[in-house]
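Number of protein chains: 2
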Amino acid sequence: MTNPEGVSPILGGPVLIVGAGLIGASIGKALVAAGVDVHLWDIDHSNALVAAGRGAGQLDGLDDAAYRIVVVATPPSAVASTIVERLNRHPHAVITDTASVKGAIFTELTDLAAGQDVDLARYVGSHPMAGTQYAGPLTASDELFVDRTWVVTPRTDNRYDDVKQVVALAQVCGARVVSMDAGEHDRAVAEVSHLPHLMSILTAANLRHARAEHLRLAGSGIRDVTRIARSQTAMWRQILTSNRTEVRSQLEAIRDDLDDLLSRLDDPDRLEEFLGVGQSGARKIAGKHGHQMMETTAVVVEIPDAPGALAKLFGDVEAAGVNVEDLSVEHDPAREVGFLSIDVAPDRAEQLRVSMRNHGWSVRS
Amino acid sequence: MTNPEGVSPILGGPVLIVGAGLIGASIGKALVAAGVDVHLWDIDHSNALVAAGRGAGQLDGLDDAAYRIVVVATPPSAVASTIVERLNRHPHAVITDTASVKGAIFTELTDLAAGQDVDLARYVGSHPMAGTQYAGPLTASDELFVDRTWVVTPRTDNRYDDVKQVVALAQVCGARVVSMDAGEHDRAVAEVSHLPHLMSILTAANLRHARAEHLRLAGSGIRDVTRIARSQTAMWRQILTSNRTEVRSQLEAIRDDLDDLLSRLDDPDRLEEFLGVGQSGARKIAGKHGHQMMETTAVVVEIPDAPGALAKLFGDVEAAGVNVEDLSVEHDPAREVGFLSIDVAPDRAEQLRVSMRNHGWSVRS
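These protein sequences, in sequence, are chains A and B.
Quick note: the first sequence, position 77, residue 76 per numbering that gives the first Met the number 0, numbers continuous.
Quick note: the second sequence, position 44, residue 43 per numbering that gives the first Met the number 0, numbers continuous.
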């Protein structure tokens, strides 16, 4: 593997990106920023021009045999045929793709390759899990994948070095790599991406019954729920169709839950129980900047019975120099006293406790 | 109506806020910022202390007869009884509330008032449509209602001056006031708030079936859809229960759509048609900062066949000094040429066209 000066030590080039839309152009920009030699091709030449103009690489200009990595970032319906074509054209390259469904791609690939002399072992599937409701190279960003999950789906016939190259590609883009079998991946994205998309669509489609005046009452909640429903329908048609077996089973589970929920509407306790199931599901994936919610420890301080003292309490929390993750007020009905619960990283809790005690506060825990 | 120095000219005080949680304390902070004399009371005294410490007003300390406006911002289940109590205690005040369901409150109110000498005409219902997934006075903000919708639900027996006071209260908080009949309001919030909440809950609850490893693939889409599912279950239990007739009919409409959607999964054209219905619903309520999406006009410029020229194109768009709402690339397959479509406010389109032509670009429209 070549490793010329200026190129990221773990990622060999040159890289060819086939399909210079939002995903392809964003990968290009991230690689260029890391010093990798990137070339661009798109069936719509103006996409490649725009991507190049946005700093995502140069127009495709090398010999086919020169490329070491080829990233197929076309719309889903063109992915399998493009992979076969590129495997044939680039004998020294590992080919990867960015399609959001992996099982169907590989099935299509083996069908297309049947009877041909195609080296499928050089194809390593991958799925960068980022995107916006926009499409095309204009909104490309070299930070699109930073801290996002990028799934790599290696197979037993892949070469170790090829898998390593695809992992390095994702890492250079700033992504967190998760390795997973293709079938497992497809089940997982049905759960955490395709079903939520359809729930967003169902919520937004229901607005067709609403009077225009009622829409003036729409707040940030429904905007959050329906944001992804604005995405391109042509792309989602392809994604959902290629994963429809998993998507169907998710939708059927929702139908069962919906019937259950309807049966709970007249019973506040059973209704709240169901709300709690949803709340804990949402909390499992909540968190800042795409990370899991962080573990915190609560430091609990008694609230003095005077408003003036409270400003000092907040000031002293701030002065302790500890990053506060959450704050809440708790009550002790027996003693008729209130407490301020300050959530901080577990390894900073003791520092906060000491600091608050030094300032004269009554620290309960 | 008194109108002392320093008090907002349209809003008389003093104001008493009953229930110093997130909503009550945020109203208090906004009114205090506008110079209004605000007093606070909460059944949990530490909530009132914290709210006062956060600048939402002083602790309740005036004669009952002194208050001109009383805002009942308690949890939903306590609203009706608190309104009756406060109507009796404060003979010179208009009483309003912040509950998110209005029909049920008024029914409960008339039941409670039956046989008593209660002046219900002094109650004017209202619903400030803002909130976060947090509760309590700690996260209160005087900007919580800025540019948000605040529904006022006057009745024919209300006095004009009382309605005006409640409208002024909302306006001083920076909200956009919408006036609507209570029944109409409840139907609308079922459509744009309560149903979306349950769709978020259903999506999040479905994660109980997912393996922990699969949750690592969760991205910003599902986080958006499930954000509101993290909200307090006790509060939503009350909201949904008091509006359950409307909520049930919304959920039944979703069940029909879900069955329809399942029947479309194997037919990509019909599937995409349904995605389009969702997309147009979502677009109707999309937009910046809570406003409707703005009307734009597209200015279309030919993309030159050279990457270097593109940077100049973007530079010239910027130099035109026109605020760009959206950008997209369009293709003309017949001429094999690309176009940059620049969406701007209709009254700025001509300025941009002239500027681009002056810089030598080929402007198509």
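Honestly, the hints are just simulated from the structure, not real lab data.
For each residue, glycine too, the CB sits at the ideal point set by N, CA and C.
Take these hints with a grain of salt, some might be off.
Heads up, incomplete: computed chain A residues facing chain B, CB under 10 Å, no partners named [to be verified]:
1. VAL145
2. ARG147
3. ALA181
4. GLY182
5. ARG186
6. SER199
7. ARG207
8. GLY220
9. LEU270
Counterexamples of contact, computed for chain B against chain A with all Cβ distances above 10 Å [to be verified]:
10. VAL31
11. ALA51
12. ASP63
13. GLY135
14. TYR159
15. ILE200
16. ARG210
17. GLU212
18. THR225
19. ALA233
20. ALA308
21. ALA310
These are the hints, each one checked on the structure:
Nearest Cβ of chain B to the Cβ of VAL145 of chain A: about 12 Å, over the 10 Å cut. The hint is violated. Using the Cβ-Cβ criterion of 10 Å, the hint placing ARG147 of chain A at the interface with chain B is satisfied: the shortest such distance is roughly 7 Å. Among the interface hints, the one on ALA181 of chain A is violated; its C-beta lies about 13 Å from the nearest C-beta in chain B, farther than the 10 Å criterion. Taken as an interface hint, GLY182 of chain A does not check out: its beta carbon lies about 12 Å from the nearest beta carbon of chain B, beyond 10 Å.
Restraint check, ARG186 of chain A versus chain B: the minimum CB separation of about 7 Å is within 10 Å; hint holds. The beta carbon of SER199 of chain A is positioned within 10 Å of a beta carbon in chain B (closest approach about 5 Å), and the interface hint is therefore held. The beta carbon of ARG207 of chain A is positioned within 10 Å of a beta carbon in chain B (closest approach about 6 Å), and the interface hint is therefore held. Restraint check, GLY220 of chain A versus chain B: the minimum CB separation of about 5 Å is within 10 Å; hint holds.
With a least beta-carbon distance of about 6 Å to chain B, the hint placing LEU270 of chain A at the interface is held under the 10 Å criterion. The non-interface label for VAL31 of chain B is consistent with chain A: the shortest C-beta to C-beta separation is roughly 13 Å, beyond 10 Å. At roughly 4 Å, the least C-beta separation between ALA51 of chain B and chain A is not larger than 10 Å, which violates its mark as non-interface. Separation of ASP63 of chain B from chain A is adequate, the least Cβ-Cβ distance of about 21 Å exceeding the 10 Å criterion.
The non-interface label for GLY135 of chain B is inconsistent with chain A: the shortest C-beta to C-beta separation is roughly 5 Å, within 10 Å. For TYR159 of chain B, the non-interface assignment is confirmed: its Cβ lies about 22 Å from the closest Cβ of chain A, beyond the 10 Å cut-off. Against chain A, the non-interface label of ILE200 of chain B is violated: not every CB pair exceeds 10 Å, the least being about 3 Å. Annotated as non-interface, ARG210 of chain B brings its C-beta within 10 Å of a C-beta of chain A; the closest such distance is 8 Å.
Against the 10 Å criterion, GLU212 of chain B falls within the reach of chain A, whose nearest CB is about 7 Å from its own CB. With a cut of 10 Å on Cβ distances, THR225 of chain B falls inside the contact zone with chain A, its closest approach being about 4 Å. With a cut of 10 Å on Cβ distances, ALA233 of chain B falls inside the contact zone with chain A, its closest approach being about 7 Å. Its closest Cβ contact with chain A, about 8 Å, brings ALA308 of chain B to no more than 10 Å, contrary to its assignment away from the interface.
Annotated as non-interface, ALA310 of chain B brings its C-beta within 10 Å of a C-beta of chain A; the closest such distance is 6 Å.
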